[in-house]
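Colleague: Spelled out, the chains give:
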Amino acid sequence: MGGQVISFRVDGRSVAPPYLQIVQQVKQALRMGVLDVGDKLPTVREVVAATAINPNTVLKAYRDLERDGLVEARAGHGTFVRHRPPGPPPGTHSRLGRSLARWVAEARAAGLDDESMESLLRVALRAETEEEIA
Amino acid sequence: MIEVQAVPEAAAAIRTSGLGKRYRRVCALSDCTITVPEGRISALIGPNGAGKTTLLRLLAGLTRPTNGELTVNGGIPRQEPAFLASIGFLAQEIPLYRRLSAEDHIGAGAHLNPRWDGESVRERLTALTIPLDRAVGTLSGGQRSQVALALTLAKRPRLLLLDEPVAALDPLARRNFLAILADAVAAGGLTVVLSSHLVADAERVCDHIIMLAASRVQLCGDIEELLAEHQLLVGPRKDTSAIERDHRVVQVTRTPRQVTMFVRRCGPVIDPAFQASDVSLEEVVLAYMGQDAPPARAQLNSIGDNQ
Amino acid sequence: MTWLVWRLHRTQLYIAAALLAALTILLLVTGLQMASQYHSALAACGASHSCATLASTLFLGSHAVGFLVIMTLGVPALFGLFWGAPLVASELETGTSQFAWMQSVTRKRWLAVTAGEMLLAAAAWGGAVSALVTWWSGPDNALQLDQFKPGRFDIMGIVPVGYALFAMALGLCAGALLRRSVPALAVTLAGFIVVRAVVTIWLRPHYLSAITVTYKLFSPFTPTGSYWQLAQGIRNPAGQLVPAANGLAIDGIPVGSLPAACAAAADGVRPTASCRQALGAFHGFITYQPANRYWAFQGIEFGIFAALAALLIAVTAVVVLRRDV
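Going down the list, the sequences are from chains A, B and C.
Counting with my numbering, you get residues 1 to 134 for the letters of the first sequence.
Counting with my numbering, you get residues 1 to 307 for the letters of the second sequence.
Counting with my numbering, you get residues 1 to 325 for the letters of the third sequence.
Hints listed in this document are in silico derivations from the structure and should not be mistaken for laboratory results.
Note that CB positions come from ideal geometry on N, CA and C, so glycine has one too.
Some hints here could point you the wrong way.
To be verified - From the structure, some residues in chain C lie toward chain B, with a derived Cβ separation under 7 Å:
#, residue
1, 6
2, 9
3, 11
4, 105
5, 121
6, 153
What the hints assert, rightly or not - Pairs of lysine to aspartate or glutamate, EDC-like flavour, derived with a Cα cap of 20 Å:
#, chain 1, residue 1, chain 2, residue 2
7, C, 216, C, 251
8, A, 60, B, 225
9, C, 108, B, 80
10, A, 60, B, 80
11, C, 108, C, 93
Could you put together the complete structure from these sequences and hints?
Modeller: Below, the structure written as structure tokens:
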């Protein structure tokens with residue numbers, strides 16, 4: 001399909017419902033710089049043809065994004081990116097991603113499996129939230 | 001009592017009330033009251049013999065009900081060209097002429113239908129690299145299904161009824177079929193009811209569900225709302241009469257220490273002893289299919305008491 | 001819908017047309033030969049005043065073609081067999097009848113157009129073959145005067161059209177009831193043969209009351225034209241039927257049934273006057289249908305088969321339309 005900047009992947013087995021997966025993938029693309037302000041999102045029909053999900057799901061996702069102010073629907077032309085989500089500058093993700101990869105390598109060398117690493121992360125997130133509350 | 005969402009009169013593609021069909025001594029469908037709003041892709045789920053095919057054929061006007069009423073696309077199904085043109089019915093046995101090619105079928109369709117978009121058939125089939133000039137009997141099962149679907153969509157129906165359309169297809173063929181279906185609905189003006197065994201497909205492409213078991217309707221409504229209304233409650237074994245009174249318990253399992261209840265909430269569940277978790281569509285379907293007979297409170301209680 | 005019927009069955013219709021063309025050529029060529037043969041024989045016998053015996057001396061045509069023409073007895077059934085029975089049966093069996101319905105054609109219209117077109121084709125085919133054979137048999141009929149007889153009656157005139165309609169209707173009905181091509185074929189063939197046999201042997205002689213004429217032995221009576229003889233014989237004065245004579249006979253009466261007065265004549269002596277007087281009490285009879293009833297009989301038989309066809313089509317309609325398919 002000519003001119004599509006982003007293609008979606010909907011995992012039927014994920015805990016997140018399909019519409020949420022689309023919202024998250026759009027936000028992620030915006031954060032990573034794949035999508036920029038002014039880009040056109042794939043049409044409902046394009047998404048549906050590629051993923052075989054219900055068209056209302058796509059509509060709902062796009063409405064959510066519109067409500068959050070990230071995109072705007074222009075009648076007859078499609079849905080376009082309006083704002084980036086608030087967050088760190090684009091480079092941050094790759095920088096943090098790299099240091100995370102280093103940490104993962106270190107943890108694995110120390111003998112931790114995926115589950116232990118995940119629970120460490122969860123503990124750290126919770127601790128941080130509790131700190132903020134406190 | 002089955003709660004059916006209230007839909008404004010004009011917007012329902014299908015509306016039935018107390019619909020029933022009896023063949024001699026066998027009751028294929030009884031007391032079926034459902035509503036399918038326009039623009040939905042509805043999954044008709046149920047075990048074999050639950051009455052799915054019977055319901056589809058009643059909706060298509062292929063057979064007449066023994067009791068109850070139904071309106072389809074705002075009218076009563078009857079054998080007349082106007083009604084036939086407004087529905088599309090795809091039976092499990094794909095009715096194509098094996099010796100004729102897809103192109104021949106397109107030609108036939110042009111002569112037989114009041115509204116006909118033959119070009120759309122060619123486009124869809126070419127996009128799937130299905131040859132138009134070969135005898136249909138030489139194509140694979142998945143390709144034949146696609147030809148039949150494309151031909152049915154070309155007559156621009158308002159309601160599409162599909163009887164186990166993807167049962168015999170491989171995963172890729174299944175995905176392509178559902179994608180074309182969803183795309184047709186996205187284009188507007190189409191409502192779909194497809195019967196299936198596979199809940200996974202339903203969850204992906206459907207936004208409405210009709211569940212049949214033992215020739216009766218167990219569930220009918222938008223999937224999202226039904227998922228929000230159902231919860232799994234797990235807690236220590238104790239008196240559950242309060243919950244049973246305030247909400248509708250679909251299934252109960254009791255062990256000496258624990259009680260697990262699958263409920264349909266009427267309002268929030270305020271009981272700290274119970275841990276509530278969301279459920280998937282498959283769990284909902286299984287819970288309702290696990291019932292042997294139309295739900296009765298006394299019956300459910302006795303299941304637990306025997307343990 | 002017409003387009004679809006044509007498209008589905010065009011191969012069979014082409015084959016039928018080709019067969020008809022072949023038959024036409026064959027009959028045209030041999031028929032013209034026979035006609036000229038007949039006319040020159042007529043001219044020759046006219047000159048030599050031997051036309052009365054022409055019927056027994058002139059043989060028109062060849063055995064092979066005559067055989068072929070007799071085979072056209074079964075031709076009406078062919079249409080019903082190969083195009084009627086499988087038509088509805090296979091459509092119902094494979095479910096392709098659903099295709100037309102899927103494309104907004106009501107079952108009523110599907111049946112009406114399918115059956116209607118097939119019946120029309122059957123009638124056209126039967127009519128064409130019959131016209132050919134009737135024309136071809138012209139000289140032979142004029143010579144032998146046997147067109148009213150069973151075997152000849154059935155292949156000329158309008159009755160073949162009736163048979164074709166009946167065969168097609170029977171095929172369609174069997175197909176609708178049995179829903180499988182091969183059993184439907186078998187039932188159609190068997191049914192056609194049985195009904196034709198019953199009508200020809202037991203019904204046809206009685207469409208109109210036969211005429212019986214009795215006559216004196218010395219002035220036998222022969223009906224004129226192409227009459228259909230149903231029975232003929234000699235009765236003795238007591239009214240008993242005299243057995244047929246083979247071997248020595250006087251006036252057709254075998255030796256064993258001769259009256260006493262003719263005993264001597266049995267040995268080859270010329271019959272005496274008293275023998276002649278005794279024989280006068282015998283009389284011959286002939287029961288027949290007169291030649292001028294030929295077209296009445298054609299019409300009645302056509303009507304019977306057309307009515308049967310209509311009945312079968314009605315049954316087919318009820319079966320196909322009422323069934324909760």
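Colleague: Broken hints, numbered, in rising order?
Modeller: Hints 1, 2, 3, 5, 6, 10 are the ones this structure does not satisfy, whereas the remaining hints hold.
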